[in-house]
Amino acid sequence: DAGVIQSPRHEVTEMGQEVTLRCKPISGHDYLFWYRQTMMRGLELLIYFNNNVPIDDSGMPEDRFSAKMPNASFSTLKIQPSEPRDSAVYFCASSFRGNNQPQHFGDGTRLSIL
Amino acid sequence: DAKTTQPNSMESNEEEPVHLPCNHSTISGTDYIHWYRQLPSQGPEYVIHGLTSNVNNRMASLAIAEDRKSSTLILHRATLRDAAVYYCIGGISEKLVFGKGTKLTVNP
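Line by line, the protein sequences give chains A and B.
With my numbering applied, the first sequence covers 1 to 114.
With my numbering applied, the second sequence covers 1001 to 1108.
Quick caveat, the hints were computed from the structure, so don't treat them as lab data.
It cannot be assumed that every hint is accurate.
Claimed, not checked - Derived list of chain A stretches under chain B, where covered just means 3 residues or more per stretch with a C-beta under 8 Å from a C-beta of chain B: (1) 36-45; (2) 84-96; (3) 103-110.
To be verified - No more than 25 Å apart at the CA atoms, straight line, and that leaves these computed lysine to aspartate or glutamate pairs for DMTMM-like: (4) K1069/B to E44/A; (5) K1100/B to D57/A; (6) K1100/B to E44/A; (7) K24/A to D57/A; (8) K1069/B to E1094/B; (9) K1100/B to E1011/B; (10) K78/A to E18/A; (11) K1095/B to E44/A; (12) K24/A to E1011/B; (13) K1003/B to D56/A; (14) K1003/B to D57/A; (15) K1003/B to E18/A.
Even glycine gets a Cβ: it sits at the ideal position worked out from N, Cα and C.
With the hints as extra help, turn the sequences into a complete structure.
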């Protein structure tokens, strides 16, 4: 079975540009999670969806960040405008029925903002 | 979610058992104990989880203390591919709070 697919794998862009990260969850999974990992802060949950509806976005750092899930097989995390401190590895994960079912992570997007 | 405490690093030899400890003294009665690991340059990977009873799967065993204030992840025969950061998390699966974890080094 295909795992969680994230694109792009690497993104380098200049400060102020819009960045869009993409995620395709595992088919049939109804929970989708976005995380950010940095050396300083470790792995942080940004937002998660259940059945395409955002449930908890308390981890989203500020209004420059937004996430959408237009259908069960696609989600985006957008940063506009981007700043150097947004540089990190962003992971998407999905799980089935959430209730203590394991999360399956993608390989991440390594984002560098110059 | 419960605060967890893990050693920063541990070392093991290949083909020997590894016991990774975790303290979670503030865990609530309904919080599960989850273990994930992260290999270099990869996303975290689920290892095992449990509530009260010891659990086994093809990857590892999880031994949970009777008072649930601590647990131990057991890798029965470490391989070089088990070198990773291991995270112990107390809470519900929808809100996993990752700490710094234990970096496991496996020596050949």
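Here's how the hints hold up against the structure:
1. Counting residues of the stretch 36-45 of chain A whose CB falls under 8 Å from any CB of chain B gives 4; the rule of at least 3 is met.
2. Remark: the stretch 84-96 of chain A is confirmed as covered by chain B, as 3 of its residues place a Cβ nearer than 8 Å to a Cβ of that chain, reaching the required three.
3. For a cut-off of 8 Å, the count of residues in the stretch 103-110 of chain A with a CB near a CB of chain B stands at 6, and the three-residue condition holds.
4. Restraint check for K1069/B and E44/A: satisfied, since their Cα atoms lie roughly 24 Å apart, inside the 25 Å limit.
5. The straight-line distance between the Cα atoms of K1100/B and D57/A is roughly 22 Å, inside the 25 Å bound, and the hint therefore holds.
6. With a C-alpha separation of about 11 Å, the suggested pair K1100/B and E44/A falls inside the 25 Å cut-off, and the hint holds.
7. Between the alpha carbons of K24/A and D57/A the distance comes to roughly 19 Å, so the proposed pair stays at or under 25 Å and holds.
8. For the given pair, K1069/B sits about 21 Å from E1094/B by alpha-carbon distance, which is consistent with the 25 Å threshold.
9. Only pairs whose Cα atoms come within 25 Å are accepted, and K1100/B paired with E1011/B is accepted, the gap being roughly 16 Å.
10. The hinted pair formed by K78/A and E18/A meets the criterion: a straight-line CA distance of about 7 Å does not exceed 25 Å.
11. For the given pair, K1095/B sits about 10 Å from E44/A by alpha-carbon distance, which is consistent with the 25 Å threshold.
12. Of the pairs offered as hints, the one joining K24/A and E1011/B is violated, with about 36 Å between alpha carbons and a cut-off of 25 Å exceeded.
13. At most 25 Å may separate the alpha-carbon atoms for a hinted pair to count; K1003/B and D56/A meet this at roughly 20 Å.
14. A threshold of 25 Å between alpha carbons decides the hint, and for K1003/B with D57/A the separation of about 21 Å falls inside it, so the pair holds.
15. For the proposed pair K1003/B and E18/A, the alpha carbon gap of about 36 Å is over 25 Å, so the pair is violated.
In summary, the numbered hints that this structure violates are 12 and 15.
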